[in-house]
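So the chains spell out like this:
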Amino acid sequence: MLQGWLQIALTLLIVIVITPLLGRYIAHVFLNERTGLDAILNPLDRLMYRAIGLRSMPDMTGWQYIRSVLISNFMMGAAVLMVLLLQPLLPLNPTGVGMMNWDIALHTTISFLTNTDQQHYSGETTLSYGSQVFALGFLMFTSAATGLAVGIAFIRGLTGRSLGNFYQDLVLSITRILLPISLVGALLLLAAGVPETIAGALQLKTLEGTMQTIARGPVAHFEIIKQLGENGGGFFGANSAHPFENPNGWTNLIETVAMVAIPSSLIYTYGIFTHNLKQAWLVYAIVLAFFIPFVIITAIGEFQGNPQVNAILGEISPNLEGKEVRFGWAQTALWAVTTTATMCGAVNGMHDSLMPSGGFSTLLNLFLQIVWGGQGTGTAYLFVYLILAVFLTGLMVGRTPEFLGRKIEKTEIVFASVILLVHPIAILIPAAITLAFPEALAGISNPGFHGLSQVIYEYASASANNGSGFEGLGDATVWWNLSAGVSILLGRYVPIVALLLLAESMSQKQPVPMTDGTLRTDTGLFTSITGVVILILGVLTFLPVLALGPIAEAFQLSP
Amino acid sequence: METVLRRFWQKRVPRSLLLVLLSAVTIAPTVQAATGISLDRGQVFALVLLGMTTLSLSIYLFVVIVQPERF
Amino acid sequence: MDTKSRSSRQAKAKAASQGLYQRAMKESVLKLDPRVQIRNPVMFLVWIGTIVTALLTINPSLFGPPPDQNPLLFNGLVTLILLFTLLFANFAEAVAEGRGKAQADSLRATQSDSLARKLAQDGTIQEISSTALRKGDVIKVIAGDVIPVDGEVTQGVASVDESAITGESAPVLKQPGTDIASSVTGGTRILSDELTIRVTSDPGKGFIDRMIALVEGAERSKTPNEIALTVLLAVLTQVFLIVIATLSPIANYVNSPVSITVLVSLLVALIPTTIGGLLSAIGIAGMDRVAQFNVIATSGRAVEACGDINTLVLDKTGTITLGNRLAEAFIPVNGYSVKDIAQVALDSSIFDETPEGKSIVSLAERLGVVVTIDRSASDGIDFSARTRMSGTDLPDGTHVRKGAVDAVKGFVRSRGGSIPAELDAEYEHISGLGGTPLAVCQNNDIYGIIYLKDIIKPGIKERFDQLRRMGIRTIMLTGDNRITASVIAREAGVDDFIAEATPEDKIEVIRAEQAKGKLVAMTGDGTNDAPALAQANVGVAMNSGTQAAKEAANMVDLDSDPTKLIDIVTIGKQLLITRGALTTFSIANDIAKYFAIIPAIFAGAGIGKLNVMGLASTQSAVLSALIYNALIIPALIPLALKGVKFRPLTANQLLGRNILIYGLGGVIAPFIAIKALDIIVAAVGLA
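Residue numbers (our numbering), protein chains in the order written: chain G, 1 to 559; chain Y, 1 to 71; chain B, 1 to 687.
Any given hint might turn out to be false.
DSSO-like, lysine-lysine: derived pairs with alpha carbons at most 30 Å apart [said to hold, decoys possible]:
| no. | chain 1 | residue 1 | chain 2 | residue 2 |
| --- | --- | --- | --- | --- |
| 1 | B | Lys-339 | B | Lys-358 |
| 2 | G | Lys-278 | B | Lys-358 |
| 3 | B | Lys-358 | B | Lys-453 |
| 4 | B | Lys-26 | B | Lys-518 |
| 5 | B | Lys-26 | G | Lys-278 |
| 6 | B | Lys-135 | B | Lys-118 |
| 7 | B | Lys-339 | G | Lys-509 |
| 8 | B | Lys-518 | G | Lys-509 |
| 9 | B | Lys-457 | B | Lys-609 |
| 10 | B | Lys-516 | B | Lys-461 |
| 11 | B | Lys-409 | B | Lys-358 |
| 12 | B | Lys-461 | B | Lys-409 |
No wet-lab data here; the hints were simulated from the structure. Fair warning: this is a prediction, and the values are worked out from it, not measured in the lab.
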């Protein structure tokens with residue numbers, strides 16, 4: 001037991017140590033300060049700028065930035081959809097997979113385009129190497145870079161700078177952050193035993209004498225960007241539970257840290273942008289105050305196991321159903337919470353098999369979206385909550401609420417509100433429709449409270465752009481593909497538009513100087529209030545479904 | 001008679017009410033077919049109207065969010 | 001003076017508010033009109049919910065077989081509670097409006113429709129109704145008339161009784177051309193002589209009309225902050241509407257169906273009805289508080305902006321110091337004694353009726369000096385801007401003078417006297433103390449210097465300390481020289497000062513502060529203050545000031561007390577704090593309401609253990625939460641109308657304090673109240 005907790009603590013410690021280093025580096029990159037990699041990568045940047053036809057990089061207004069995001073994403077999406085639909089005709093298909101259904105192809109494109117990577121298929125049997133590497137692998141970089149660019153533009157606006165240039169941010173995100181770290185990470189994974197090959201599946205004779213096909217492929221580099229970019233779409237259907245994606249404790253550690261590295265560092269980057277590291281660490285503390293308890297209750301739940309099973313066994317035994325024994329309860333619990341917190345969505349065990357406390361934590365992560373949160377956007381949401389907290393409580397000091405010296409007025413509240421509204425709309429409405437017609441639409445494997453959790457989880461995962469599945473759903477249907485696709489699109493682009501407009505509106509405000517009458521947002525008191533506001537606004541919205549899902553299930557299981 | 005009808009149509013509130021009622025009549029049979037529980041025609045109609053009221057309230061709230069000055 | 005007028009105004013308001021509550025009750029029923037309700041998004045949902053539950057009371061199986069027990073009683077009770085929630089919210093608004101109306105009525109009483117003598121261009125006078133007067137018309141008023149409209153005196157000198165507006169009984173002299181005394185306000189009465197007045201506002205647009213409109217809430221447009229809050233409340237309402245609307249199929253799926261009545265109840269309990277019901281009352285009450293301070297605000301926006309003020313630009317005279325300087329000491333030179341100079345100073349001041357002169361007389365008398373000269377045989381020499389001296393010519397041909405040191409020096413020199421060297425040293429010494437030195441001479445002989453001291457208003461230093469704690473900077477403007485100004489600035493505790501200031505400096509100071517992103521408030525009265533008043537974010541004109549200044553300002557202080565600016569800032573802050581506190585309270589309440597209702601309605605799903613409050617049954621839980629939800633509105637009406645008490649603390653101290661009361665209190669209070677109500681509901685046997 002102690003070993004399990006030590007593993008969890010060690011991983012967290014590594015994350016905290018990495019935060020200031022990576023955070024400072026990201027700030028350097030986006031403040032256009034010189035970094036050590038400039039000499040090697042500047043030519044690459046120039047090549048990419050030339051490829052997208054970018055000659056000068058003027059600062060963009062909010063709408064220009066939004067238009068660039070939407071147009072570039074649409075173009076990439078259209079191209080990838082074509083690749084997926086035409087994959088039998090395209091090269092690099094050693095396993096000889098066939099055509100994809102249009103709805104699965106559409107869902108997959110939307111899903112990877114938006115950094116969600118929700119998969120309603122099994123990679124090894126549905127996609128060619130070419131589709132995996134060039135279509136999906138490509139989107140894994142660009143979707144992560146899009147999120148990062150939006151997050152950085154948001155921070156720029158919040159701190160009174162102009163939003164920057166989307167294409168430049170996109171290229172810098174890839175060449176300065178995602179690519180170098182992926183390269184190092186892929187080599188580490190290779191060293192730890194993850195395969196990287198373009199040879200087809202291996203046919204071999206087992207000890208029993210039957211033939212077995214072992215799927216393999218260019219896994220290592222796919223794996224690291226999947227984790228680092230919060231993508232989560234596995235090369236194999238079993239995702240990081242597969243021994244080729246995640247063979248041992250070392251790879252598990254690297255992959256877990258890779259998931260949290262960028263979202264956690266981005267909070268520190270914000271601190272550098274505002275010259276207020278104290279606030280950055282306080283905000284970091286809010287996130288940890290959610291994250292650590294989630295890990296603990298999930299881990300305890302898994303460690304104590306299923307009370308009904310324990311009653312039969314006559315002893316307390318960890319719940320290992322749906323888990324890889326090489327990871328055990330601790331690393332699976334940590335991974336499950338981390339992957340839903342960071343909107344990565346990769347899994348190293350079945351979330352369907354988690355105890356209700358795990359279902360509760362993972363669902364809550366998806367609902368809140370700020371416990372680290374998605375690539376770039378999660379940090380932005382965190383500050384949206386900060387703005388809402390300032391507005392709600394800031395009036396109580398007798399002034400128009402201000403954040404970073406900028407007044408929070410109607411425009412800001414409208415945009416912040418949109419972000420608050422999208423999530424319930426994109427989760428609860430389709431879930432209610434699905435549950436109203438369970439026979440026709442749902443295809444739920446476990447009826448009752450658990451089935452409810454499955455459906456809610458699917459849409460929450462889609463809308464939060466997480467992509468992990470509770471699984472157990474027959475989700476490869478037209479209804480699921482389309483409704484989840486709509487949730488994903490709503491959950492991605494509406495907040496991006498609102499975030500950028502919010503950032504622009506903040507950046508154009510005349511800052512008010514700080515006096516004793518100004519509510520300081522970098523105090524422990526205000527940070528705690530923000531935590532409570534997040535709880536009230538985020539959790540209370542979903543309390544009824546939490547009560548009827550994991551909470552009711554927990555009471556059902558407990559003797 | 002015709003002028004009465006036209007005047008009725010020109011007012012915003014009665015016109016939208018009429019549209020809501022008409023669409024409720026259209027949707028009601030579909031809902032009745034879809035719900036497993038046995039409800040009589042009136043109950044289904046009431047239920048559909050309630051759903052449409054909720055939808056209208058939601059739209060109304062969106063208008064308030066976007067144009068709060070009007071209220 | 002200012003407390004007296006305020007209390008008399010309040011007494012009048014009280015008399016007019018007989019039956020205020022009866023009228024408010026009637027109003028709250030009339031306000032159930034959907035056209036009124038639709039303007040308040042939160043309460044509109046409650047209104048629709050009431051209709052739905054009312055229909056369910058008439059026909060419990062309207063939407064299918066009711067899952068509740070005894071649906072008729074339960075639905076009826078819920079309908080009744082929802083109806084009262086609406087009535088309570090309407091009542092809050094009606095009371096706030098009613099109090100404003102009472103105030104407005106007492107003002108309106110001064111504005112009777114009367115006949116005005118309009119002076120046509122050819123000089124003939126025609127009698128027309130005062131409501132027919134337009135801006136630019138010229139009218140004549142004679143002794144005994146009530147001045148019908150706001151205007152500017154163009155001819156004549158007359159005394160005017162302004163007590164109807166200011167409560168100050170002493171009549172005021174009005175004459176053309178002078179900065180201060182040329183504007184007249186509608187509703188005041190001319191006591192003597194006659195005046196020719198150019199009308200400066202159209203009927204219904206005068207100051208009093210604006211104030212009436214504002215306190216009645218009639219033409220109240222929402223302030224920016226209120227709009228932002230409305231958006232947030234609408235969003236929360238929208239979120240909970242979605243949550244509740246989708247709950248039905250979700251609950252059906254796990255076989256815990258919920259009745260429509262319970263869903264409506266849950267929705268009403270969760271949406272922020274407390275702040276939604278009180279929001280407009282808070283705003284109207286804020287305007288009302290400003291009016292009670294005898295200040296006319298032209299818009300709610302201006303009152304709200306007061307809370308955001310970073311910098312106050314204040315004139316020294318009248319605001320920081322008492323208007324007049326008083327004699328503090330006699331400093332003899334040339335070897336004279338204190339008594340000697342006191343005697344000469346007294347002689348020079350016996351005809352001086354200015355406060356300075358009187359203070360010299362009283363100081364001299366305190367030193368035991370008595371008047372020895374023959375008053376009737378002597379001549380008083382008044383102060384003039386040219387001579388900068390005043391004094392007395394005695395019957396024996398002796399001339400005693402006091403005045404500006406240079407002027408007296410010149411007077412002495414012209415008579416062949418000599419200037420002692422110590423004089424300049426004393427002059428600088430007194431300037432260094434922040435005083436004004438006056439030299440005293442008898443014929444060609446300088447006796448010494450009178451030290452006139454600026455008297456800083458009692459308590460003003462503490463006010464500035466409070467302001468500083470609130471994060472507000474004060475800048476003093478004065479015509480004094482640098483040394484004097486710096487001493488006064490230090491004594492009064494202002495943060496900065498501008499010495500030898502011209503009216504143009506005022507606007508410069510305001511612009512410079514605004515360029516730093518600060519909001520600036522100032523007071524002013526003269527015509528040359530008008531640009532600065534317009535430039536300031538909050539400009540408060542004195543009622544005694546010129547019409548131009550009043551037009552440029554966004555507030556007019558009827559008592560003409562510049563210190564009131566500080567009170568107005570407090571009112572602005574109080575308004576925002578009240579709004580914030582009740583919003584926080586309202587949202588914090590949701591936690592308890594959730595914990596009361598959710599476990600109760602889903603007890604069938606096995607989450608009964610979450611019923612931490614141990615509520616008796618589903619129906620009693622829902623009813624208790626709803627009753628709490630309804631009763632909290634009237635319980636908070638006094639707070640909404642009076643405003644949360646403002647304390648001059650830093651923002652962080654205020655936040656800590658208020659979050660403890662309204663945040664934590666808002667979490668805990670409903671747990672206790674709902675539990676208590678549940679015990680009562682269960683005991684009475686309602687559910």
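Now the hints, each set against the structure:
{"no.": "1", "hint": "Lys-339(B) x Lys-358(B)", "in the structure": "18 Å, holds"}
{"no.": "2", "hint": "Lys-278(G) x Lys-358(B)", "in the structure": "62 Å, violated"}
{"no.": "3", "hint": "Lys-358(B) x Lys-453(B)", "in the structure": "14 Å, holds"}
{"no.": "4", "hint": "Lys-26(B) x Lys-518(B)", "in the structure": "45 Å, violated"}
{"no.": "5", "hint": "Lys-26(B) x Lys-278(G)", "in the structure": "56 Å, violated"}
{"no.": "6", "hint": "Lys-135(B) x Lys-118(B)", "in the structure": "12 Å, holds"}
{"no.": "7", "hint": "Lys-339(B) x Lys-509(G)", "in the structure": "65 Å, violated"}
{"no.": "8", "hint": "Lys-518(B) x Lys-509(G)", "in the structure": "12 Å, holds"}
{"no.": "9", "hint": "Lys-457(B) x Lys-609(B)", "in the structure": "65 Å, violated"}
{"no.": "10", "hint": "Lys-516(B) x Lys-461(B)", "in the structure": "26 Å, holds"}
{"no.": "11", "hint": "Lys-409(B) x Lys-358(B)", "in the structure": "23 Å, holds"}
{"no.": "12", "hint": "Lys-461(B) x Lys-409(B)", "in the structure": "37 Å, violated"}
Checked against the numbered hints given earlier, this structure breaks hints 2, 4, 5, 7, 9 and 12; the rest are met.
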